[in-house]
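Chains as they are written, first to last, in the working numbering: chain Z, 1 to 188; chain X, 1001 to 1072.
These are computed hints drawn from the structure, not numbers from a lab. Keep in mind that the hints are not guaranteed to be accurate.
Looking from chain Z toward chain X, a few residues come up when the C-beta cut is under 10 Å (computed) [said to hold, decoys possible]:
{"#": "1", "residue": "Ala5"}
{"#": "2", "residue": "Tyr25"}
{"#": "3", "residue": "Val32"}
{"#": "4", "residue": "Gln51"}
{"#": "5", "residue": "Asp117"}
Since the model is a prediction, treat every value here as computed from it, not as a measurement. Glycine is no exception: its CB is placed at the ideal position from the N, C-alpha and C atoms.
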Amino acid sequence: MADPADIEALALLRRRDPRGFELAYRRHAASVRGFLRRMTRNDDHADDLLQITFLRLAERGPELRADSDLPAWLFTVARNACYDQMRVTSSSTAHDEALEVLTSPPPDVEARLLLGDVEHALSRLKAEDREILLLVSIEGLSHEAVSKMLGLQSAATRQRLARARSRLLAALDKQLKEPATLQKRTLA
Amino acid sequence: MNHTDPVLTRLSELHRVEPKAELTARIRAAALPKLELRRVHPIWGWAVVASVMCYLLWAVRFVAVISHSIAS
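Just need the whole structure built from these sequences, with the hints factored in.
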């Protein structure tokens, strides 16, 4: 079920009312930028892609159906723009460390999660793992919308999510065992 | 989604990264003109009407010439 504010934003956009754009921007720009920043690992690229995403909304917004899923549409545009840019810059592979598929991580890792640790571990994952973890944790984005966005069946999405999750936990586990990180955590 | 999952809960806390005011102003300035309908200059409307009229006149004349040649 779509959020009433998104329905209102779409209705206004369909009438080419700038308040629809403002509303959509206020509601979603920060989360789209968060997604793009973590996908690209580059603030400037994230800003450029955010601009592309919202300019596309201004162009196509009036043609969207009244029952469209606005956040799903925005994240789909952002994701496509992101992959287009990655293809150009090949930045996706620059830091993609070959984190092997992990065997089950120690159970205490989940309990010890700090936000900074998660951010750092996430940045070490492959783009497709980062992508699914970020998308499924976005408030209001349904599992069906994520599956549709990724072009996957629901079961395949769950499977990919489970793999990405275990890779993230393993990256966290590895990170927590590094002496530098431990020292930083102790100081914090 | 599964918000009882501590990993996804942590990830959902990461999400919002507010764009800088300067970027927001730039996006707004570029986006809002795109929302306005582009008005077509009235001369193009008249040009379409004139070309349709020319075609119809030519078609009428053509049919008249053909029927005249058949009759004679």
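Here is what the structure says about each hint:
1. Ala5: violated, 16 Å
2. Tyr25: Since chain X brings a Cβ to about 7 Å from Tyr25 (chain Z), closer than 10 Å, the hint holds.
3. Val32: Where the cut-off is 10 Å and the nearest Cβ of chain X is about 9 Å from Val32 (chain Z), the hint holds.
4. Gln51: Status holds, d = 5 Å.
5. Asp117: Hint on Asp117 (chain Z): holds, closest Cβ of chain X at ~9 Å, below 10 Å.
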